[in-house]
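> Start from the sequences, fold in the hints, and give me the full structure.
Number of protein chains: 2
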Amino acid sequence: MKVTVLGNNSALPAFGRYPTSQIVQVHEQLFLVDCGEGAQMRMQQFGIRSDRINHVFISHLHGDHYFGLVGFISSLSLKGRTRDLFLYCDASLKAIIDLQLPWDLGFKINYHFLKEGDAELLLKTDTLEVKSFPVYHSVPTHGFLFTEKKRKRRLLPDKLRQYEIPKYYYKKLSEGFDYTKQDGSVIKNEWVSEAGSPDKKYAFAADTRFAPEMVEHIFQADLLYHETTYLHDLIDKAAQRMHSTTLQAAEIARAAQVKKLLIGHFSSKYKNLEPFIAEVQTIFMSVELATEGSTFEC
Amino acid sequence: MKVTVLGNNSALPAFGRYPTSQIVQVHEQLFLVDCGEGAQMRMQQFGIRSDRINHVFISHLHGDHYFGLVGFISSLSLKGRTRDLFLYCDASLKAIIDLQLPWDLGFKINYHFLKEGDAELLLKTDTLEVKSFPVYHSVPTHGFLFTEKKRKRRLLPDKLRQYEIPKYYYKKLSEGFDYTKQDGSVIKNEWVSEAGSPDKKYAFAADTRFAPEMVEHIFQADLLYHETTYLHDLIDKAAQRMHSTTLQAAEIARAAQVKKLLIGHFSSKYKNLEPFIAEVQTIFMSVELATEGSTFEC
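In order, the protein sequence lines correspond to chains A and B. The numbering of the first sequence is the numbering used here, which starts it at -6 and goes up by one. The numbering of the second sequence is the numbering used here, which starts it at -6 and goes up by one.
Keep in mind that the hints were calculated from the coordinates and are not lab data. From the three backbone atoms N, C-alpha and C, an ideal C-beta is built for every residue, glycine too. It is possible that part of the hints are untrue.
With a Cα cut of at most 25 Å, we get these calculated BS3-like pairs of lysine-lysine [claimed, not checked]: (1) B:164 / B:117; (2) A:174 / A:193; (3) B:124 / A:72; (4) B:174 / B:145; (5) B:262 / A:72; (6) A:143 / A:72; (7) A:87 / A:117; (8) B:165 / B:117; (9) A:72 / A:87; (10) A:160 / A:145; (11) B:72 / A:262; (12) A:87 / B:264; (13) A:-5 / A:252; (14) B:165 / B:145; (15) B:253 / B:124; (16) A:230 / B:264; (17) A:72 / B:264; (18) A:152 / A:165; (19) B:87 / B:101; (20) B:117 / B:-5; (21) B:72 / A:264.
To spell it out: a stretch of chain B is covered by chain A in this simulated footprint if at least three of its residues, at any positions, have a beta carbon under 8 Å from a beta carbon of chain A; those stretches are [to be verified]: (22) 22 to 33; (23) 65 to 73.
This is how it looks when you write it as structure tokens:
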């Protein structure tokens, strides 16, 4: 699972930083999380093929999280897309899109409307799950949890040879099946393979006030993106605007026992972002800036 | 008068080129013409202060000419603007803005709705005029003509000394007034000054099919921006989509006797734009590519 940052700034673009948007890649699938203005240009700049995106998740309807969506959808249409697009968002977004793109796009948009306060399973396949969970901002807002499901069992070459298992059956073994020989004897899966990597989890939480309520949803995630609009001296402004500070994001990361914290949604007042890292690290060491164009693996 | 190109591409952004947007500066005033996605980021990148813009002209309601407008307006509001904004556009744009920005912005948007086929005087001050004129695309579309009005008369220092004219009166002289001495004798303005530069005209024409109808409106403009979505081999596609080719833009420039032609709105199929210049120059020599970030004076 990989996360590529397209935009990391808050309401106003500044210092070359664009508003919020990310690409989450799970196996070969690309997911778009939020779509601030310019997201489609960033995709081009970073070599991301927008036609590979089938599912779009919009956290909330503040412009810096969705003003790029109508352009993104329009471009998909102009490029001849026919496959359905799945859009998970507040119900109000449909009218905004319909008003600006009233014609036949050549493909269907399947809406899934997120309800305030809900935690839901949005998408489930053999290899991944996406869930929403509530975060707390001045309009209904959701976080998203991407889970790359338990990888295949790792086969042990020596044992495969020892038990003379035919190659065509390796895929079944990696999926956990036993092998039955022609003489009826059973080769147990655990004799020839070992457990694969555990599930991988990426949690996206923005925009939100300091919200310990989210910890249960993101517990032990491998990577947590949490907004840090302000350094901690502006804790009062953060509270007033329902945003978070560095130390608040760090507290959430520590309480949720995540492996790594990614921070972004920086206020346009900050040119230099290094103090964000320094402040977070007084509480939580494993932190990185969500620099645009960077990709973070988990 | 100066024109700075923020975006020069057609419907799809490509090769780092953004959709249509330009800044026209007349004396100290900045005007925004079209506002494709990312226009506000380009302004930041090119050091243009968006708060100095009071008048916005939108040629037509295709997304590549207005999808950046709601972000631009939202950012003005977040930056604390209180001065009115004047918006010249198709009437349908108001509902699109109201739906996405339903709250009090802190300033008023004064709409002037452009009617299909109309040529109108939109704005007139002592120093400039802006007129609309019809161009011909698949939706109602207008071009815009900016006129920097006759500059002040140029004073002749030797003559000012010779006729002993006091300095406090120089401004009046530059505005064309005669000077009356204390003894009642009159110093004629033309004895101490000469004509300033003539009016300067910039015409913006996009998107449009080949439209000789526009020539009367842009006649002898100093600078004409005319769309060239395609090279001339795609003249059939241009006709079908109501766009223009290189040679068609060149024909208009020649017929209108403009001093210089600026071309843009390039299809995303073209990476190399040099052939656009070469083709235009078979008909009209004084042509430049509307390169993003470049400023053209007239």
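> For each hint, tell me whether it holds in the structure or not.
For each hint, the structure was consulted:
1. Among the hinted pairs, residue 164 of chain B with residue 117 of chain B is consistent with the structure: their alpha-carbon atoms are about 22 Å apart, no more than 25 Å.
2. Among the hinted pairs, residue 174 of chain A with residue 193 of chain A is inconsistent with the structure: their alpha-carbon atoms are about 35 Å apart, more than 25 Å.
3. Between residue 124 of chain B and residue 72 of chain A the alpha-carbon distance is near 35 Å, which puts this suggested pair outside the 25 Å criterion.
4. Using a Cα cut-off of 25 Å, the hinted pair residue 174 of chain B and residue 145 of chain B holds, with the two alpha carbons roughly 22 Å apart.
5. Between residue 262 of chain B and residue 72 of chain A the alpha-carbon distance is near 11 Å, which keeps this suggested pair within the 25 Å criterion.
6. A distance of roughly 35 Å separates the Cα atoms of residue 143 of chain A and residue 72 of chain A; the hinted pair therefore is violated under the 25 Å criterion.
7. Note on residue 87 of chain A and residue 117 of chain A: the hinted pairing holds, with a Cα-Cα distance of about 23 Å set against a maximum of 25 Å.
8. A C-alpha spacing of about 22 Å is found between residue 165 of chain B and residue 117 of chain B, which places the hinted pair at or below 25 Å, so the restraint holds.
9. Distance check on the hinted pair: residue 72 of chain A and residue 87 of chain A sit about 21 Å apart at the alpha-carbon level, within 25 Å; holds.
10. Using a Cα cut-off of 25 Å, the hinted pair residue 160 of chain A and residue 145 of chain A holds, with the two alpha carbons roughly 16 Å apart.
11. Among the hinted pairs, residue 72 of chain B with residue 262 of chain A is consistent with the structure: their alpha-carbon atoms are about 11 Å apart, no more than 25 Å.
12. Note on residue 87 of chain A and residue 264 of chain B: the hinted pairing is violated, with a Cα-Cα distance of about 35 Å set against a maximum of 25 Å.
13. The straight-line distance between the Cα atoms of residue -5 of chain A and residue 252 of chain A is roughly 15 Å, inside the 25 Å bound, and the hint therefore holds.
14. With a CA separation close to 10 Å, the supplied pair residue 165 of chain B and residue 145 of chain B stays within the 25 Å bound.
15. Proximity of residue 253 of chain B to residue 124 of chain B is assessed by CA-CA distance (about 19 Å); at most 25 Å being required, the pair is judged to hold.
16. With a C-alpha separation of about 46 Å, the suggested pair residue 230 of chain A and residue 264 of chain B falls outside the 25 Å cut-off, and the hint is violated.
17. Simply put, residue 72 of chain A and residue 264 of chain B have alpha-carbon atoms about 17 Å apart, close enough for the 25 Å limit, and the pair holds.
18. At roughly 15 Å between alpha-carbon atoms, residue 152 of chain A and residue 165 of chain A fall within 25 Å of each other, so this suggested pair holds.
19. Our distance criterion of 25 Å between C-alpha atoms is met by residue 87 of chain B and residue 101 of chain B, whose separation comes to about 12 Å.
20. For the hint pairing residue 117 of chain B with residue -5 of chain B, the CA-to-CA distance comes to about 18 Å; that is within 25 Å, so the pair holds.
21. Among the hinted pairs, residue 72 of chain B with residue 264 of chain A is consistent with the structure: their alpha-carbon atoms are about 17 Å apart, no more than 25 Å.
22. Only residues whose C-beta sits within less than 8 Å of a C-beta in chain A count toward coverage, and the segment 22 to 33 of chain B has 3 of them, enough to reach three; the restraint holds.
23. Counting residues of the segment 65 to 73 of chain B whose beta carbon lies closer than 8 Å to any beta carbon of chain A gives 4, which reaches the threshold of three, so the coverage claim holds.
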